[in-house]
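S.K.: Following the hints, position chains B and C against chain A.
As you go down the protein sequences, you meet chains A, B and C in turn.
Take the first sequence: its letters are residues 216 to 421, numbered as in my numbering.
Take the second sequence: its letters are residues 216 to 421, numbered as in my numbering.
Take the third sequence: its letters are residues 216 to 421, numbered as in my numbering.
Hint data in this document are derived by calculation from the structure and do not stem from the laboratory.
The list makes no distinction among identical chains, and a pair is therefore deemed to hold if it is satisfied within one copy or across any two copies.
Think about it this way: if two alpha-carbon atoms lie no more than 20 Å apart in a straight line, the pair counts; the simulated SDA-like pairs of lysine to any residue are:
#1 K315 with G260
#2 K405 with S284
#3 K405 with A278
#4 K315 with V379
#5 K405 with Y287
#6 K405 with V281
#7 K315 with L370
#8 K315 with Y262
#9 K405 with M277
#10 K405 with L282
#11 K405 with W237
Please read these numbers as outputs of a predicted model, since none were measured by experiment.
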Amino acid sequence: MGTGFFAMSGALAANKKSKPDWFGVTFIGFITSIGGGSLRDMLIGAYPLGWVNDVNFVYVIMASIVLTSIFYNLLARLKKTFFILDTLGISMFTILGTEKALQHHTHYVVAAIMGMFSAIMGGVIRDILTNEVPIIFRKEIYATACLAGALIYILMSHFYFGRVTCLLFSTLVIMVIRLIAVKYHLSLPKFKEIQDAIEEHQPHTK
Amino acid sequence: MGTGFFAMSGALAANKKSKPDWFGVTFIGFITSIGGGSLRDMLIGAYPLGWVNDVNFVYVIMASIVLTSIFYNLLARLKKTFFILDTLGISMFTILGTEKALQHHTHYVVAAIMGMFSAIMGGVIRDILTNEVPIIFRKEIYATACLAGALIYILMSHFYFGRVTCLLFSTLVIMVIRLIAVKYHLSLPKFKEIQDAIEEHQPHTK
Amino acid sequence: MGTGFFAMSGALAANKKSKPDWFGVTFIGFITSIGGGSLRDMLIGAYPLGWVNDVNFVYVIMASIVLTSIFYNLLARLKKTFFILDTLGISMFTILGTEKALQHHTHYVVAAIMGMFSAIMGGVIRDILTNEVPIIFRKEIYATACLAGALIYILMSHFYFGRVTCLLFSTLVIMVIRLIAVKYHLSLPKFKEIQDAIEEHQPHTK
Numbered sequence: 216m217g218t219g220f221f222a223m224s225g226a227l228a229a230n231k232k233s234k235p236d237w238f239g240v241t242f243i244g245f246i247t248s249i250g251g252g253s254l255r256d257m258l259i260g261a262y263p264l265g266w267v268n269d270v271n272f273v274y275v276i277m278a279s280i281v282l283t284s285i286f287y288n289l290l291a292r293l294k295k296t297f298f299i300l301d302t303l304g305i306s307m308f309t310i311l312g313t314e315k316a317l318q319h320h321t322h323y324v325v326a327a328i329m330g331m332f333s334a335i336m337g338g339v340i341r342d343i344l345t346n347e348v349p350i351i352f353r354k355e356i357y358a359t360a361c362l363a364g365a366l367i368y369i370l371m372s373h374f375y376f377g378r379v380t381c382l383l384f385s386t387l388v389i390m391v392i393r394l395i396a397v398k399y400h401l402s403l404p405k406f407k408e409i410q411d412a413i414e415e416h417q418p419h420t421k
Numbered sequence: 216m217g218t219g220f221f222a223m224s225g226a227l228a229a230n231k232k233s234k235p236d237w238f239g240v241t242f243i244g245f246i247t248s249i250g251g252g253s254l255r256d257m258l259i260g261a262y263p264l265g266w267v268n269d270v271n272f273v274y275v276i277m278a279s280i281v282l283t284s285i286f287y288n289l290l291a292r293l294k295k296t297f298f299i300l301d302t303l304g305i306s307m308f309t310i311l312g313t314e315k316a317l318q319h320h321t322h323y324v325v326a327a328i329m330g331m332f333s334a335i336m337g338g339v340i341r342d343i344l345t346n347e348v349p350i351i352f353r354k355e356i357y358a359t360a361c362l363a364g365a366l367i368y369i370l371m372s373h374f375y376f377g378r379v380t381c382l383l384f385s386t387l388v389i390m391v392i393r394l395i396a397v398k399y400h401l402s403l404p405k406f407k408e409i410q411d412a413i414e415e416h417q418p419h420t421k
Numbered sequence: 216m217g218t219g220f221f222a223m224s225g226a227l228a229a230n231k232k233s234k235p236d237w238f239g240v241t242f243i244g245f246i247t248s249i250g251g252g253s254l255r256d257m258l259i260g261a262y263p264l265g266w267v268n269d270v271n272f273v274y275v276i277m278a279s280i281v282l283t284s285i286f287y288n289l290l291a292r293l294k295k296t297f298f299i300l301d302t303l304g305i306s307m308f309t310i311l312g313t314e315k316a317l318q319h320h321t322h323y324v325v326a327a328i329m330g331m332f333s334a335i336m337g338g339v340i341r342d343i344l345t346n347e348v349p350i351i352f353r354k355e356i357y358a359t360a361c362l363a364g365a366l367i368y369i370l371m372s373h374f375y376f377g378r379v380t381c382l383l384f385s386t387l388v389i390m391v392i393r394l395i396a397v398k399y400h401l402s403l404p405k406f407k408e409i410q411d412a413i414e415e416h417q418p419h420t421k
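Okay, chain A solo, but in the shape it has when bound (with noise of 0.2 Å):
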């Protein structure tokens, strides 16, 4: 569900700026869709990766840009529910990753960074195939909400609770958190702003 959720996105996404053909589109949606989890794959070495194993993930990704194709005025009308479908889409994204992560024996910190991998990155891919700036950088509390929710589950998951209620739980806090920080606007401290003309300065002759 998530996989088809996030195939279209992409869609939408791609067709917004270059106006790409069928093909296109749905090379965006699929990368945008498997991206991240791939990424997250290759990276803890947890061959083979799902969609290379599942050709189901394939056909729900091309059923998904169908489906954006068919009721492409709708989707771009309703962009509340596209928002919460995006937020739902990355909080499961996240702790499915982070949980496949610790399944492969990794340190608690590392399956976190793979959760949010996993939810974050294949709108990184997508934006860079499509020459934006990625979205993480402008955005509002997006990725750093994943990394939270990814800590809360293995936190929880430390102190026994059931796997269902640890899914629940840490995938309504992202949710909540994303929720809150769009409504308010709410954004990261920026790193530094001051100064940075200090390196190109030049005492000027008058």
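M.R.: For chains B and C alone, kept in the frame of chain A given last:
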């Protein structure tokens, strides 16, 4: 042969825009040439990678770059020859990539995607490195031809045609589709050209 | 140490252009730092990856980002110190990367390429993420110095010099080449500057 030719094509493309030095051109030629196959092998876990295991790929690429330099003016003028060789290159890369994926027991749909990736991803990475919109989003039917040829190869293999027959025929199919597409400027239909404006639309007060 | 320094360098570079928030800077610093080595390990199939297996890499990177923030003004002013540390960083990454590739029984030419990839690919990915033309296509002799040092390391190892001698000497070679190149603005010759116009040239009617 395909490897060498892709390196040349990458070198020429690299040189057109940003006038890089010898290293830059060689680097781009190298990435264009081995990028698609490396990505495919990393996705299906086919270690060791071709060029990592066999240094001859590297030598062929370096020789191609030197040849490109020597015959630069000739190559730049022979656009038709160049185009036919490029088409031959992507056709062969597609079919050999598909074959390799099948040998690693992927589903045939995934194998076709892997074949296409082998052929186009080197160019996609090249375009990302040189900060351009990837060519697959701009061109006449290109990646779709690869996909079609890959599926035909798989279909023929399934019905016990000999390997050479399958290879030759499906390679030919890709070349013919591509040549016709370029000759008559055929491209896939656009996804949706309408109504993107809706999203940003705000009612104006008068 | 090299890891930490690369993270700082990435953070500073990230901050210069797009003024990202703390997450953005950390993300870029992280990718700059582990990108080259991760790509090398994924190419040669050297699982598990360093930072995936050892969380200390992550801690070092996070500490470096915090230090960069605290000493931002100082770092931005100390351009010379910075340059020397950066040179030290790429030198060490190159040689250690080459060594790792050799341990995985790659051909020595491939090992030298892998060493260079370790050193430069983090920066390349950083530049792609921030939507700039990768620095390796713009700078004075940079990647070529890495390649030269890697080959010297391999040559020395072959003749049974001790490991430490090889490491130190070849690291020194890279640093010296790089320092001289920057001091005297040396760069490799351009590939071909002429006659690109031919391709687009159309005879004008008068």
